Amino acid sequence: MEIRGEVLNVVLKELPTAVELFKLLFKKSNPGAPPPTDEEILLASAKAIGEYRQTLASSTAKDEAWLAAHPRTPDGGPVGPGE
Amino acid sequence: MLTRRSRSTAVAVVLLLLSAACTPPPPNLNPEATVAFQKLRVVKSLDLIRDTAQDANAQTPPLVSTDVARTITEWHLSALKIIDVADAGWRPIVERSLVEVFGKLPAATQQLLAPYFELAKVVVGNMPDREG
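These protein sequence lines are chains V and B, in that order. Numbering of the first sequence is given in our numbering, commencing with residue 9 and proceeding in unit increments. Numbering of the second sequence is given in our numbering, commencing with residue 8 and proceeding in unit increments.
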């Protein structure tokens with residue numbers, strides 16, 4: 009039950025990304041759309057790079073925090089829930 | 008273990024993300040941003056594996072042992088560093104690492120995480136052969 013809830017959380021988290029991508033696909037198929045201006049490219053690019061950097065940093069931090077919270081014991085055995 | 012409905016839900020999520028992962032980058036990005044956009048997709052697909060493993064470990068009783076969750080988390084951390092630091096050639100390294108770490112997992116964990124590993128392999132495989 010808990011895993012299904014987590015999967016639904018993932019769906020809810022990723023839905024905005026999927027919606028944005030579908031919007032972009034629709035724009036691409038619209039022949040009347042003008043090409044992006046330099047300013048649009050600059051802004052969109054900065055946003056994309058920023059989002060990547062932020063995601064990378066937070067994901068790395070999450071890994072490090074989890075590993076710090078679940079250290080190996082001196083005898084090599086695991087420590088943590090269920091062990 | 009996962010019920011059939013939970014497994015079906017996981018597959019549906021993977022298919023949804025797969026459809027998003029296969030679309031080309033937006034046309035309004037410069038080359039550096041295009042690379043960032045593609046790497047972001049890869050990072051998110053790897054995050055799914057890590058998150059699922061850690062969440063499974065946090066269940067009562069845990070569906071994934073702490074040892075296994077640690078293996079996956081350490082692999083994930085290394086993969087992120089490779090993706091970020093390597094100018095080129097990170098794709099085959101990450102592809103290989105996906106196969107290697109999956110092979111180290113117990114059968115039950117493999118069954119649990121297989122859809123997410125498959126998604127990550129497809130996402131990484133769709134990346135261009137060279138940077139950009």
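Please note: incorrect hints may appear among the correct ones.
[What the hints assert, rightly or not] In silico DSSO-like links for lysine-lysine, alpha-carbon gap of 30 Å or less: (1) B:88 with B:111; (2) B:88 with B:128; (3) B:111 with V:55; (4) B:111 with B:128; (5) V:70 with B:128; (6) V:70 with B:88; (7) V:55 with B:128; (8) V:70 with V:55; (9) V:55 with B:88.
Calculated from the structure, these hints are not laboratory results. Source: prediction; values computed, not measured.
Comparing the hints with the structure gives:
1. Between the alpha carbons of residue 88 of chain B and residue 111 of chain B the distance comes to roughly 21 Å, so the proposed pair stays at or under 30 Å and holds.
2. Under the criterion of a C-alpha separation no larger than 30 Å, the hint pairing residue 88 of chain B with residue 128 of chain B is consistent with the structure, at around 18 Å.
3. Note on residue 111 of chain B and residue 55 of chain V: the hinted pairing is violated, with a Cα-Cα distance of about 38 Å set against a maximum of 30 Å.
4. The hinted pair formed by residue 111 of chain B and residue 128 of chain B meets the criterion: a straight-line CA distance of about 16 Å does not exceed 30 Å.
5. Of the pairs offered as hints, the one joining residue 70 of chain V and residue 128 of chain B holds, with about 22 Å between alpha carbons and a cut-off of 30 Å not exceeded.
6. At roughly 14 Å between alpha-carbon atoms, residue 70 of chain V and residue 88 of chain B fall within 30 Å of each other, so this suggested pair holds.
7. Distance check on the hinted pair: residue 55 of chain V and residue 128 of chain B sit about 26 Å apart at the alpha-carbon level, within 30 Å; holds.
8. Taking the CA atoms of residue 70 of chain V and residue 55 of chain V, the gap is about 22 Å. The hint holds against a cut of 30 Å.
9. Our distance criterion of 30 Å between C-alpha atoms is met by residue 55 of chain V and residue 88 of chain B, whose separation comes to about 21 Å.
This entry does not satisfy hint 3, going by the numbered hints stated previously; all others are met.
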